[in-house]
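**Student:** The lines below spell out each chain.
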Amino acid sequence: MTISIDPQKTNNKSLQPKGWLRYFSFSLDHKVIGIQYLVCGFLFYLIGGTLASAIRIELASPMSDFMPRDVYNQVLTLHGTIMIFLWIVPVVNGAFGNYLIPFYVGARDMAFPRLNAVAFWLIPPSGLMLVASYFVEGAAQAGWTAYPPLSITTPQSGQIIWILSVLLLGGSSIFGGINFIATIIKLRRPGLKLMQLPMYCWAMLGTSLLVVLSTPVLAGTLILLSFDIIANTGFFNPVLGGNVVVYQHLFWFYSHPAVYIMVLPAFGLVSEILPVHARKPLFGYTTMVFSIMGIVVLGLVVWAHHMFTSGTPPWMRLFFTIATAFIAVPTGIKFFNWVATLWGGKISINSAMLFSCGFIINFVFGGITGVALAQVPFDIHVHDTYFVVAHFHYIVYGGTVFIIFSSIYHWFPKVTGKMLNEKFGILHFIITFIGFNLCFAPQHWLGLNGMPRRVAEYDPQFQFINQISSIGALLMAISTIPFLINIFLSVRNGKDAGDNPWNALTPEWLTSSPPPVENWEEEAPLVEEPYGYGKQFSEQK
Amino acid sequence: MLNKNIYLILLISLVFAISFWIGTNVNLLPAEASINAPIYDELFKILFIIGLIIFIGMTMAVIYSLFKFRKRNDQIGDGIALEGNLSLEIIWTIIPSIIVLLIGLYSYNIYDRMGGMKELNHNHEMISSNSKKIWAGISQTSDNEISKNNLSIEVSAMQFAFLFNYPKGKFISGELHVPVDQKVSMKMESKDVIHAFWVPEFRIKQDIIPGQPTVLNFTPTKVGKYPIICAELCGPYHGGMRASIIVEEESDYNDWFNKNKKTEVNL
Ligand code: HEM
Ligand SMILES: [Cu+2]
Ligand SMILES: [Cu+2]
Chain A
1 MTISIDPQKT NNKSLQPKGW LRYFSFSLDH KVIGIQYLVC GFLFYLIGGT
51 LASAIRIELA SPMSDFMPRD VYNQVLTLHG TIMIFLWIVP VVNGAFGNYL
101 IPFYVGARDM AFPRLNAVAF WLIPPSGLML VASYFVEGAA QAGWTAYPPL
151 SITTPQSGQI IWILSVLLLG GSSIFGGINF IATIIKLRRP GLKLMQLPMY
201 CWAMLGTSLL VVLSTPVLAG TLILLSFDII ANTGFFNPVL GGNVVVYQHL
251 FWFYSHPAVY IMVLPAFGLV SEILPVHARK PLFGYTTMVF SIMGIVVLGL
301 VVWAHHMFTS GTPPWMRLFF TIATAFIAVP TGIKFFNWVA TLWGGKISIN
351 SAMLFSCGFI INFVFGGITG VALAQVPFDI HVHDTYFVVA HFHYIVYGGT
401 VFIIFSSIYH WFPKVTGKML NEKFGILHFI ITFIGFNLCF APQHWLGLNG
451 MPRRVAEYDP QFQFINQISS IGALLMAIST IPFLINIFLS VRNGKDAGDN
501 PWNALTPEWL TSSPPPVENW EEEAPLVEEP YGYGKQFSEQ K
Chain B
1 MLNKNIYLIL LISLVFAISF WIGTNVNLLP AEASINAPIY DELFKILFII
51 GLIIFIGMTM AVIYSLFKFR KRNDQIGDGI ALEGNLSLEI IWTIIPSIIV
101 LLIGLYSYNI YDRMGGMKEL NHNHEMISSN SKKIWAGISQ TSDNEISKNN
151 LSIEVSAMQF AFLFNYPKGK FISGELHVPV DQKVSMKMES KDVIHAFWVP
201 EFRIKQDIIP GQPTVLNFTP TKVGKYPIIC AELCGPYHGG MRASIIVEEE
251 SDYNDWFNKN KKTEVNL
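So the sequence lines, in the order shown, correspond to chains A and B.
At position 423 of the first sequence the residue is numbered 423 (UniProt numbering), and the sequence of numbers has no breaks.
At position 204 of the second sequence the residue is numbered 204 (UniProt numbering), and the sequence of numbers has no breaks.
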């Protein structure tokens, strides 16, 4: 079967508004949609970050004094849901995927531009609906995992809106995933082989497979949950003979892969950034590709490590321990390859490079605690404690968010034609790095010593460590200020970037900055060696 | 070249030495108060040391590269066009695989010693509600052992309290009293949502799941009072859902038990 896709036919771009107004239109241009994803995601990140600060203010003292206990649980639920479904997933997939993938495959747009626009435009309304659900009577307060029976027995209206909005956001990411797969497989410029694609394409191929395979399971699960809530069915309600552990299996079948949906694209992005600023080829391209696929396969079979204390049978615990721990192997390969990419390079120490190196260090730390958590006996003690909170923030914040910032510093000149200010950038990095580690490193100790997660009040002996953590969170909040100033100043009066300020070899840099509507004035260039540093370039000079 | 290798070996030994020193001298865990705890801590120590070696090694490699290979002002051009190295790739696939496998086997062994791998045999004499499947918590024992054991306690969890029922004494307590050095079997049931039973000093935790009674066994080894913490989000007062476990000498326990026992029922 052949599908022929011709974006020109479906896409009449001359009718689109020009200038900044186009970002507020139903544009079909993948670059506009990418930026829409990014800006929209960032706005939600500011909301989610404000909620995180509220949580950390509450936790600066052992009593529940800053907000009522049920409000705390609502804020916590909203924070987790926003950060995952409205910030990380849309940005590392939607924003960068849309902006970069057509360039990387040598296309003028995504395979299905209209579907693409629809995928994006699902997000602002469902996100606003989610935020608004906080203000209805009885907002969702069962955590972002929404485990029944708690999610069935707490007040209902907020929980129902929560489900609806997560369903819509899941739909958006399925549309996006289908589009990425089709674009990478079908729209490749003639002559471009799969093994010549920039690594981010492989990462997005892997991620999109995970999205397409696992998100529908989440959707189905949440629909069943909503039946339990609205129609009094008994799928998960033990009072009616339902089984709550089945929900956990179904939920984690999506939500474990969701972690990889958040980090694999980041792995792809860092693979683009490091070679450029280290001026060296990406080390071990082939093993990098295979390790992505290894992570996809293993990622699908490890979900029950979230359920070691849920009464799973012993053999199951054993299997899931080994499978989980083995993800460390392909992941480790990637990290060794990145360090080898740096080794012997001519490294520019700039904001993009610093955030990427910060990512490596933080993620290695989070990965090590991850391998520890994979061991059942270890997990049993720290499951559902602050140790886990620390571990996953090392992954999602120290990993993915660091890479989002790194990518913004790297691609800002492409998108705007202006450079970002490096002094602000390095200041931003330093405050973020210190704040982040101050906030989350001490939480490992809290978890080991008896502080459960998702609590508004805690044993007073933990107050001092919690205060350090809260100070770290404050620094992280402050760190967004130099970043925002930098963006606003540079968009207006930044230095002109030229088309290719980093002398990079990947295709997006071989067109003007910002790129023209259909990406290339002429035919798309054929880039056979996207990482050919030390070869082509030294010859040209 | 030889010199360089010697430095490398020295450096690696130093990283190992530092990690061993930290791993054995820095204690991140609370007191050990059950037979599970020292076994758990053994695993923790190993994981801590291996983790430190990897973390320190990787961090040093990154920071060293940033210094050593940074672009000096006058430099132009690129780094070396090194695209891969098969033997390196094989080494750093095989060694981590072996480490991961060894850790997995070791933690299996630990888990087995904690009693986690024992299958529950389905002999329902002991259990009051006959048809329900009993789920395995850590530290299983056979039903036979349980029935020989005098210390079987029924735990019910509800929003937002734990209640401890001593069937032999026909009384209910809000505090869990147990004698030191004796195996305790608990059958746990939830009345509403999911809760979890966690005693950090014992290194055990088990979810208490509505509709799924669970058995959890442990043997306390140190006299004292320890917190019992609910570790599963169970509603607004989840953070306040705590109780205490009091581990005491057998005679003290018997005094407490006899004081609470409903004697008239036994007559
Ligand atoms: C901006 C800095 C951030 C701070 C200070 C912060 C802080 C916190 C805190 C204190 C909690 C409560 C932990 C608990 O009791 O379980 C939490 C939960 C959570 N956070 Fe963050 N967080 C931040 C960023 C992020 C990011 C970027 C993500 C991305 C995915 C994220 C995802 C989550 C999730 C999923 C939860 C669990 C919510 C739940 O238990 O339902 N956070 N965060
Ligand atoms: Cu509880
Ligand atoms: Cu609780």
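These aren't lab readings, by the way, just hints derived from the structure by calculation.
Treat the hints with care, as some may be off.
Only some residues are given here: those of chain B computed to face chain A with a beta carbon under 7 Å [to be verified]:
#1 L8
#2 L28
#3 F67
#4 D78
#5 I80
#6 S87
#7 W92
#8 P179
#9 V193
#10 K225
#11 I229
C-beta: ideal position from N, C-alpha, C; glycine also.
**Student:** Each of the hints needs a verdict: does it hold here or not?
**Tutor:** Against the structure, the hints:
1. Contact between L8/B and chain A, as hinted, is not supported at the beta carbon level, the nearest pair being about 13 Å apart and thus beyond 7 Å.
2. With a least beta-carbon distance of about 5 Å to chain A, the hint placing L28/B at the interface is held under the 7 Å criterion.
3. Residue-level restraint check for F67/B is violated (minimum Cβ-Cβ distance to chain A is 9 Å; threshold 7 Å).
4. At a threshold of 7 Å, the smallest CB-CB gap from D78/B to chain A is about 4 Å, leaving the interface hint in force.
5. Hint status for I80/B relative to chain A: holds, with the closest Cβ pair at about 5 Å, below 7 Å.
6. A distance limit of 7 Å between C-beta atoms decides the matter here; for S87/B the minimum to chain A is near 12 Å, and the interface restraint is violated.
7. Below 7 Å, beta-carbon pairs count as interface contacts, and W92/B has one with chain A at about 5 Å; its hint therefore holds.
8. With a cut of 7 Å, the hint placing P179/B at the interface with chain A is violated, because the nearest CB-to-CB distance is about 23 Å.
9. Interface hint at V193/B: satisfied, since its Cβ lies 4 Å from the closest Cβ of chain A, which is below the 7 Å cut-off.
10. Taken as an interface hint, K225/B does not check out: its beta carbon lies about 13 Å from the nearest beta carbon of chain A, beyond 7 Å.
11. For I229/B, the interface hint holds, the least distance from its beta-carbon to any beta-carbon of chain A being 6 Å, beneath 7 Å.
Hint check: violations occur at hints 1, 3, 6, 8 and 10; the rest are consistent with the structure.
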